[in-house]
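Chains G and D supply the protein sequences, listed in that same order.
Using the UniProt record's numbering, read the first sequence as starting at 1 and increasing by one per residue.
Using the UniProt record's numbering, read the second sequence as starting at 1 and increasing by one per residue.
Note that these hints are calculated values from the structure, not bench results.
Among these hints, one or two may not hold up.
Said to hold, decoys possible - Okay, derived cross-link-like pairs now, EDC-like style, lysine to aspartate or glutamate, Cα gap no bigger than 16 Å in a straight line: (1) K279(G) x D204(D); (2) K268(D) x E278(G); (3) K145(G) x D134(G); (4) K93(G) x D103(D); (5) K241(D) x D57(G); (6) K214(G) x D227(G); (7) K97(G) x E64(D); (8) K268(D) x D325(D); (9) K355(D) x D250(G); (10) K212(D) x D78(D); (11) K97(G) x E63(D); (12) K224(D) x D134(G); (13) K93(G) x E64(D); (14) K145(G) x E225(D); (15) K268(D) x E320(D); (16) K145(G) x D169(G); (17) K212(D) x E84(D); (18) K60(D) x E98(G); (19) K93(G) x E110(D); (20) K256(G) x E249(D); (21) K355(D) x D227(G).
Claimed, not checked - Some chain D residues close to chain G (C-beta under 8 Å, calculated; not the full set): (22) L53; (23) R239; (24) I333; (25) F348.
As the list claims (entries may be wrong) - Output of the computed footprint for chain G on chain D, the stretches with three or more beta carbons under 8 Å from beta carbons of chain G: (26) 54 to 60; (27) 109 to 116; (28) 209 to 222; (29) 246 to 259.
Where a beta carbon is used, it is the ideal one built from N, C-alpha and C, also for glycine.
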Amino acid sequence: MATSPALLFPSPSSASSPPSSARVEAVVLFNVCDSYVRRPDQADRVIGTLLGSLLPDGTVHVRNSYVVPHSESADQVAIDIDYHHNMYASHQKVNPKEVIVGWFSTGFGVSGGSTLIHEFYSREVQNPIHLTVDTGFTRGEASIKAYISSNLSLGDRHLAAQFQEIPLDLRMIEAEKAGFEILKSTMVEKLPNDLEGMESSMEKLYILIDEIYKYVDDVVEGRVAPDNRIGRFISDSVASMPKLSPAAFDKLFNDKIQDNLALVYLSSITRTQISIAEKLNTAAQVL
Amino acid sequence: MANRKGLPKPFLCLALVILYAAAPGGMRSFLQAVSTVTEEAPTPLRVVQMEGLAVLKIIKHCEEFAPALVTGQLLGLDVGSVLEVTNCFPFPIREEDDEADADGANYQLEMMRCLREVNVDNNTIGWYQSCLLGSFQTVELIETFMNYQENIRRCVCIVYDPSRSSQGVLALKALKLTDSFMDLYRNNGLTGEKLREKKLSWVDIFEEIPIKVSNSALVSAFMKELEPESPVTQCDFERLKLSTAPFMERNLEFLIGCMDDLSSEQNKFQYYYRNLSRQQSQQQAWLQKRRQENMARKAAGEEPLPEEDPSNPIFKPVPEPSRLDGYLVTNQISSYCNHINGVAGQNFNRLYLMKALHED
Numbered sequence: 001m002a003t004s005p006a007l008l009f010p011s012p013s014s015a016s017s018p019p020s021s022a023r024v025e026a027v028v029l030f031n032v033c034d035s036y037v038r039r040p041d042q043a044d045r046v047i048g049t050l051l052g053s054l055l056p057d058g059t060v061h062v063r064n065s066y067v068v069p070h071s072e073s074a075d076q077v078a079i080d081i082d083y084h085h086n087m088y089a090s091h092q093k094v095n096p097k098e099v100i101v102g103w104f105s106t107g108f109g110v111s112g113g114s115t116l117i118h119e120f121y122s123r124e125v126q127n128p129i130h131l132t133v134d135t136g137f138t139r140g141e142a143s144i145k146a147y148i149s150s151n152l153s154l155g156d157r158h159l160a161a162q163f164q165e166i167p168l169d170l171r172m173i174e175a176e177k178a179g180f181e182i183l184k185s186t187m188v189e190k191l192p193n194d195l196e197g198m199e200s201s202m203e204k205l206y207i208l209i210d211e212i213y214k215y216v217d218d219v220v221e222g223r224v225a226p227d228n229r230i231g232r233f234i235s236d237s238v239a240s241m242p243k244l245s246p247a248a249f250d251k252l253f254n255d256k257i258q259d260n261l262a263l264v265y266l267s268s269i270t271r272t273q274i275s276i277a278e279k280l281n282t283a284a285q286v287l
Numbered sequence: 001m002a003n004r005k006g007l008p009k010p011f012l013c014l015a016l017v018i019l020y021a022a023a024p025g026g027m028r029s030f031l032q033a034v035s036t037v038t039e040e041a042p043t044p045l046r047v048v049q050m051e052g053l054a055v056l057k058i059i060k061h062c063e064e065f066a067p068a069l070v071t072g073q074l075l076g077l078d079v080g081s082v083l084e085v086t087n088c089f090p091f092p093i094r095e096e097d098d099e100a101d102a103d104g105a106n107y108q109l110e111m112m113r114c115l116r117e118v119n120v121d122n123n124t125i126g127w128y129q130s131c132l133l134g135s136f137q138t139v140e141l142i143e144t145f146m147n148y149q150e151n152i153r154r155c156v157c158i159v160y161d162p163s164r165s166s167q168g169v170l171a172l173k174a175l176k177l178t179d180s181f182m183d184l185y186r187n188n189g190l191t192g193e194k195l196r197e198k199k200l201s202w203v204d205i206f207e208e209i210p211i212k213v214s215n216s217a218l219v220s221a222f223m224k225e226l227e228p229e230s231p232v233t234q235c236d237f238e239r240l241k242l243s244t245a246p247f248m249e250r251n252l253e254f255l256i257g258c259m260d261d262l263s264s265e266q267n268k269f270q271y272y273y274r275n276l277s278r279q280q281s282q283q284q285a286w287l288q289k290r291r292q293e294n295m296a297r298k299a300a301g302e303e304p305l306p307e308e309d310p311s312n313p314i315f316k317p318v319p320e321p322s323r324l325d326g327y328l329v330t331n332q333i334s335s336y337c338n339h340i341n342g343v344a345g346q347n348f349n350r351l352y353l354m355k356a357l358h359e360d
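Extracted from the complex, chain D is given alone in its bound form (with noise of 0.2 Å):
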């Protein structure tokens, strides 16, 4: 399971960070307090809207440190249905050990007082990762998920995938997950009946919200004149370049990796349904002789014996598997065949300009 590597946990001792935060609109007067007035619905979460500087910034820790995962803190602000990324710092790389948890919420707290004094958002509203040709979504994310949303009340994550980025195309997403889903897996609620009832299908987990690039006036000044003469650049070369076969073999790896561990999952569903209908089975069978019992008991004139046995091994209910992993790995794989798609499709048009070149 290569592809399912435990990723460093970003830091979560978050209600030190709040409370030492100024949250932006977090202060209501007394008499709102105290009243009953429920808040309204916050708006639906359009746009992520980050800072060339944010960007930046990110692709430069990500690609430094590939192929180890790294993560990083998103700072910015919230208004209305945009969310701002205006800056953002990296994580150290956390060893296994424990006793960096103190270590790295010093670190974290550091940052943000330092950033504070220069004027820096200081409002978390997210953290990022890297990735490996987009296997980010693991059990991890969505627990660190669980524990941001906690106390912020609209966080994503950007993932950027370095591997993608050498193809020419700049592989940044920004997710969030579902509201339905997050209320499913705060009641521990992932069992097939309840997923039925809410119409939940592994495509419902993440949802990606689109990411607008903003810069101030100033560096894109700064940037139109310093752009180089020539009229292509490094991006060009690359998406032009004809090699792409090390990229499509890596993604049929990850891909043939993931469709073994559907098929666990599968069979484990498969053993799991076996166990409930012999249960169901060696119920109805231990019902009937206890039903026999009871009349020739009755027929005896003794007291009938309860039709239930809670002690009876065979009435202890069976466990269902959590089909949360099973989502998660189709989720991977239809990421995965559309990476195998879109480079697929690049690939035909590279062919035929090669095609038409050679034909002059």
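This is chain G alone, in the form it adopts within the complex (with noise of 0.2 Å):
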């Protein structure tokens, strides 16, 4: 970028460099579009400060996030400071670790009004990260960006600020303990139990194993041309089965089933048990 040589960029602070990628958990995705859904009618968007951690390899860890109160016209830009400000002690009081990372907006790209904003949090916070949420879906998909803004100044005079984007990780793991059938549709009728969710985990794996077959018949018929990496990882997870001899397998196969069906012995002499303390307990008293 820097090819003439009239322009300068700053050297970076001492403090820190800024964040090269981000990690954003599913509750701050909720958390938006919930405000989004929520938001007063005559505003168009809606903005919000985000709060998380920054990790020692430079990515920002995004972990919580509340919307701000903010009215936008033409040419400028109000926030409402005292709100952020409360909201942030109070977030405080509850889990000191989660510090102010940057500011989301939702929307598509990145607006006149949103450099105003982002020096507003760069005040708060260094290299604050922007963080944008097509609720709009303006390209047809959804699109989740983060930004960091450089500033672009000529000798003293300062220009512009342009906004990077950085690589954003939405890998969700939390999410996924939750399941994502509960998270994806609109309306579940009931959490699945136990039993219902080994059986779902068993046809996935099913499933799995079957394409696999399916791949290896086709590699051993010629159909497919046999790509030699998944031939490594298929051996590598037939060889990371334990070898254990017929005899060996059977002895801790069986002694681990014992195991089990003496534990379900136990809870239900438990429950029997409790069922005639009860009656005792409540007996009528004979005196």
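Two independent chains are provided; combine them into the complex using the hints.
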């Protein structure tokens, strides 16, 4: 970018370098969408603060967020700063490790008003990140992007702020724990209990194994060109099963089954015990 | 009694909160208020509908602070037979000193006010808490319920168990006290007779309500786009894990502890019955003596003494120990048994799966 000698980039501050990538948790996304749905009628978009932590390898981990009321017109932007500080203080009481790391806004791309807001947040924290969540699906897809800004100045004159996109990791491991089926559909009638969940996991495993079988068959029959990497993966996973002689495996298996049966027996006995105790306790006293 | 540690109590300044919040359906016209029409009984609560946002927030808060126990407030709407939970906020961990009460109330009011400004439903409908392996049935829970019930018509407690979730199950439960139990508790009627009258046993204390999860269309569109490509998720990995021994061990430990508690409760009752029967026999003996004395006096022409003497210590009624602790312990035992059964069932599945794979 610095092809002409007239453009000077200011030297990075000695405290910290700007974050190189960002990771966003699912709860932040849900919060943003929820506040967008609840926005006041005259507002086009919502903005808010992002809370999280800065990891030592330069990644910003965004863990929480809250929306801040603001008003925006063609030429000016106003944010409720008191509200922002109050909410931050309240959140700090619960979790002091979550600090301000940036701000979010809905809508596609970075607009003029955003620079002013970004400047405000730069006063709160160094190198804030700006997250845009495209709730309008303007390009027909869900686009969530993260930006950091660097200042462009000519000598002493501040020219503009350039927003650079940084890679965003949306893996959402926490959401996976809850189960994507629950979070994906608009209505889930019943939370799955242990056995139903077990069933669905085993079905998925079965499907996977089927696919691998099909792939291996295809390769053997010459229908599909063999890929060495996949072949190595398959042999690795098959080899990762511990090699036990059938006798040893049977013994291990039977032991475990017996342990589990003993536990089930214990728990049924306990239940019988408590129902008997219950009857004894509330029996009529014979005096 | 490691599994019955005191929980941080949710802040109980609800009167202020209710004054602040706008309760839906709470505004009645002047005529209605003046007339003595009794309110019809509220429709029974059938389902708790939670938003994905509330679920994720609860999970995040509880998992962050595990194994410490945390609580938070639920916000939402009360619509007919469905209680909708649309948002929630966590409570900070409270120190043990009492002056933090005022801080806590301030925090709660501040959060509710701020959330009101951004159009979040400002209605408290309950609280959530995390628990350790299902040991949440404590006296504090019941007291908190009673406190909430005084101010809010319908409230629910959502319990999340982070240790069970490591088994791949989303361990969220919605609990409510049954009405009959609440009446009894309010009137301090937890004695054996009254319980037998109402046929209230330990299963009738808590009522579990099914949970539905709903999401707005916008967020479900986002999640559909962002769903990872791989067909297997973290959830499945956790479900198919073979090493459940630590979890079972802890369950059994708690179960053993609870059995000890149960036997001590039963000892208390035995002691009480023994005292009662001893007192009865003492009373009989004393009464006999009095009667004989009276007969002697009558023969001598004196006034008979009264047949009762309240100042005599053997007439003091022996207090009956409350059965509440016994019931709570029984509830805990039953939930541990349920867990063990569930995990054992899963283990059977996994073991047979392993056997089938091994044979290939």
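The hints, checked one at a time:
The hinted pair formed by K279(G) and D204(D) meets the criterion: a straight-line CA distance of about 15 Å does not exceed 16 Å. With a C-alpha separation of about 14 Å, the suggested pairing of K268(D) with E278(G) holds against the 16 Å cut-off. Among the hinted pairs, K145(G) with D134(G) is consistent with the structure: their alpha-carbon atoms are about 9 Å apart, no more than 16 Å. Restraint check: the Cα-Cα separation between K93(G) and D103(D) comes to about 10 Å, which is no more than 16 Å; the hinted pair holds.
Straight-line distance between C-alpha atoms of K241(D) and D57(G) comes to about 31 Å, which puts the hinted pair past the 16 Å bound. Note on K214(G) and D227(G): the hinted pairing holds, with a Cα-Cα distance of about 14 Å set against a maximum of 16 Å. Restraint check: the Cα-Cα separation between K97(G) and E64(D) comes to about 11 Å, which is no more than 16 Å; the hinted pair holds. Proximity of K268(D) to D325(D) is assessed by CA-CA distance (about 11 Å); at most 16 Å being required, the pair is judged to hold.
A C-alpha spacing of about 9 Å is found between K355(D) and D250(G), which places the hinted pair at or below 16 Å, so the restraint holds. Between K212(D) and D78(D), the direct Cα distance comes to roughly 14 Å. Compliance with the 16 Å bound is thereby established for this hinted pair. With a C-alpha separation of about 15 Å, the suggested pairing of K97(G) with E63(D) holds against the 16 Å cut-off. As the CA atoms of K224(D) and D134(G) are separated by approximately 15 Å, the hinted pair is consistent with the 16 Å bound.
This hinted pair checks out: K93(G) and E64(D) have alpha carbons roughly 14 Å apart, not beyond 16 Å. At roughly 14 Å between alpha-carbon atoms, K145(G) and E225(D) fall within 16 Å of each other, so this suggested pair holds. For a cut-off of 16 Å, the pair hint linking K268(D) to E320(D) stands: about 10 Å separates their Cα positions. Proximity of K145(G) to D169(G) is assessed by CA-CA distance (about 10 Å); at most 16 Å being required, the pair is judged to hold.
With a C-alpha separation of about 9 Å, the suggested pairing of K212(D) with E84(D) holds against the 16 Å cut-off. For the hint linking K60(D) to E98(G), the alpha-carbon distance of about 13 Å falls within 16 Å, and the restraint holds. Between the alpha carbons of K93(G) and E110(D) the distance comes to roughly 12 Å, so the proposed pair stays at or under 16 Å and holds. Taken as a hint, the K256(G) and E249(D) pair is honoured in the structure, with Cα atoms around 14 Å apart against an allowance of 16 Å.
Of the supplied pair hints, the one linking K355(D) and D227(G) is violated, its CA atoms being roughly 30 Å apart against a limit of 16 Å. Because the closest C-beta pair between L53(D) and chain G is about 4 Å apart, less than 8 Å, the hint holds. Here the hint on R239(D) is kept, as its CB sits about 4 Å from the closest CB of chain G, short of 8 Å. The beta carbon of I333(D) comes within 6 Å of a beta carbon in chain G, closer than 8 Å, and the hint placing it at the interface holds.
For F348(D), the interface hint holds, since its Cβ comes within 8 Å of a Cβ in chain G; the closest pair sits about 6 Å apart. For the segment 54 to 60 of chain D, the proposed coverage by chain G is satisfied: 5 residues have a C-beta within less than 8 Å of a C-beta in that chain, meeting the threshold of three. Note: the segment 109 to 116 of chain D has 3 residues with beta-carbon separation from chain G under 8 Å; the three-residue rule is met and the coverage holds. A count of 13 residues in the segment 209 to 222 of chain D with a Cβ less than 8 Å from any Cβ of chain G is obtained; the coverage claim is therefore met, three being the minimum.
With 4 residues bearing a CB less than 8 Å from a CB of chain G, the segment 246 to 259 of chain D meets the requirement of three and the coverage assertion stands.
Hints 5 and 21 from the earlier list are contradicted by this structure; the remaining hints agree with it.
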